[in-house]
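Please arrange chain B on chain A, whose structure you already have, making use of the hints.
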Amino acid sequence: MSQLFSRRAVLMQIGSAVIAGASSVPRHAFADLDSQPWFFLTDDEARWLAAIVDVFIPQDEFPSASQAGVVDFIDFQMATGYGQGEGLYLKGPFPEGTPQQGYQLPMTPAEMMRAGLTELRGETDLTAMPTADRAAWVDDLSNRDNMLGDVPSSTFFEELLSLTNEGYFADPIYRGNADYAGWRMVGFPGAHAYYTERVGDNKPTNQPPMGIAHGQLNQVSPRKIEQGG
Amino acid sequence: MSQRTLPKTDVVIVGGGWTGLTAAYELANAGQRCVVLERGRHRHTATSFAGPEEHDELKYALRYTHMQDVKKETLTFRNNRDQQALPMRRLGSFLPGSGLGGAGIHWNGQIWRPLPSDLEMRSHYEDRYGSQFISDDLTIQDWGVTYDELEPHLDFFERICGAAGYAGNLNGETRAGGNPFEGSRTADYPNPAMKQPISNTLFGKAAEKLGYNPFPMPSANVTQAYENPYGAQLHPCTYCGFCERFGCGYYAKADPIICVYDRIKDHENFEIRFEAQVLQVEKSADGKTATGVTYLDENGVEVFQPADTVCLNAYALWNVHLMLVSGLGTPYDPETRTGTVGRNYSYQTIAAVDAFFDDSITTNPFMGAGALGVVVDDFNGDNFDHSELGFLGGGYIACKQYHGRPISYQPVPEGTPRWGAEWKRAVRENYNRHADLVIHGSSVSTHENYLDLDPTWTDAYGRPLLRMTFNFPDNDRKMSDYVMNRAVEIAREMDNVTSVKSVNLAAEGNDYSVVPYQTTHNVGGAVIGTDPATSVVNRYGQMWDHHNVFVFGACLFPQNLGYNPTGPLMGLAYWTLDHMKNDYLSNPRPLMDA
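Same order as they appear, the protein sequences are chains A and B.
For the first sequence, my numbering begins at 1 and goes up steadily by one.
For the second sequence, my numbering begins at 1 and goes up steadily by one.
Calculated directly from the structure, the hints in this document are not laboratory data.
A hint or two may mislead.
A few chain B residues that face chain A, going by a derived Cβ cut-off under 7 Å, partial list only [what the hints assert, rightly or not]: (1) K71; (2) K205; (3) S513.
For each residue, glycine too, the CB sits at the ideal point set by N, CA and C.
The following block holds chain A by itself, in its conformation from the complex (with noise of 0.2 Å):
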């Protein structure tokens, strides 16, 4: 009888002999990536991306968004289905609409990323700038109307600005919210959810987060990206 494995399935089985064979926190095969490339990202793109993630998320009691795996999140959801067009009608022509009619830029979210991310570092090395000076730029770009390049650079800022909240607080399958820090820091218990007898309670909630993937695929650790400033 022939067996068909799943690459799931195999990193679990990976995953459940490290943990037979090891006491401490087990990791998959690929949970460094310290050493591997980015998937959509260049080195510095990654760093500039840092830089201002941090800005929209800073660390305090709880992690910054970079630290939170961030960058990792916009790489990896710019190398799949929504970075490249997924879910997004992409026919011609392209007239410019009204806000109310929403987007029509004729490319990808992740055309529209390298698009921003080579006028804005072009113009900016954001990564070399101090920290303190960073948030007065950031909130001078959120007021600007011109163009970065065919992007309008409010769309390109919406777009950055709510890709950064989703890495902080998605399911860290897709490798942000790091340790459940977005989930820490709100108080939400995660995937695996049955309130029936607590409904009305007004008592807070002590349960640790548990994701979708909770104890079986162990979450692959942020990239360390080297940052100025």
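Okay, now just chain B, sitting in the frame of chain A:
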């Protein structure tokens, strides 16, 4: 020309959602051979929607994995006829489904009945306020079918869903704790109302203090083990907080797969074909009847399926699109105000109020359910005196706790920045301290809000896209503002509330936008009525122009009521099916004289 013609069937049904599967169930059991054509894939509640994998906010709530693919079919949109409509390039304001069960698998389960006066809107307002009261730009009209006629069918659908609630008007007798404004019910809800979280309870107390009549939202999130009249087994809700935009693998939210499909799928008269994209309804040489439908099958082969009867059970917008591309009925022309297909498109008018609690309250927002709410109906429909208000219609005010999914659920008080340290702290501090009030308002129909075909863009099958021309009518801007202010008053009256903020999406100066999610309650465009000059189908859901074409769903609504549409549209579906089974099929003919 089709590459292949199949043997004729009795009934061909376009769409495998709530109305399509129900039509198949009822007609197959009445001896009709039914073929359902579903554009999406097979999926099942047990195997496709199980937690924890289903509880993936990014995949389902933000990347719309259960929804239709706009690469294949979308529409163009503009606010008015002076603009060029442009493609809705990604989903936003509304989220039609695709695949077995349609949008019926990702609804919240808020299961309402129309008010008796909603169904006689024009004559009711004329009777109460005089014929001058209704402004000339409104095209609101009576449905042609009354509450009393629909009541048994509304009741039956509540039984199919195992609806949970508390009747406010049982056989004409008003009961404290229910909705005193609702039409008379012949029976109570089949299951007891849901348990309420602290935020909703505090809302109810405040509403009561102000003299209103709070009651639990009627819910198709089932509260105890239940068997429906078709024999489906439903389970109690876990309040998991993954309802709208998700399927329910707990079998706790009524959906068309478990409630209907599983009970008919093995019937000898039932057949369903997946990835069957209907392209056009074909007409007879004299144009008086339909002969069947042409569709692309799963292999991309164009197939003609002949049928004696054609049922249109696609999502509201796509039923209208299919009529327009097939030349069924006469398209509406806003210039001459003639024609009916595409006429009276309307939507839903949404406003929101956020109340923030002090730290003695812990809401645990993730303990939620789609229809977990406390509601006041005192400002819905014509439940309040409109004589001095300058608008008609209204909406319910609900305090809901339907999810705490952390990417989307980030309530922060007025004045909070959109990012940075202060934003981060506000998100963290208010996650457990928020009450979510919605004003779910009606939407009047007008001469200028309508659907037709776009001259420029096409879908993946080469057909012109549907074109939507819509903006909020002045009537609804005023209505929404008025009802929202009542909601703000209730929020301020709530115990432990420290601040309140509000937003009216239809406020003066806000043009309707297809970008932010509002509701998947697109209605009208193929409306029901008793006059062929102002309706596409007669009061039985039968097309005036093609008597063997029956139309289902919210496209029938002549204007939108202040309630969620699934209850009313399923009441209509059972009403139509009743007349098909007991009158039409044995003697096919127009059921009303034009």
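Right, here's what the structure says about each hint:
no.	hint	verdict
1	K71	holds, 6 Å
2	K205	violated, 13 Å
3	S513	holds, 4 Å
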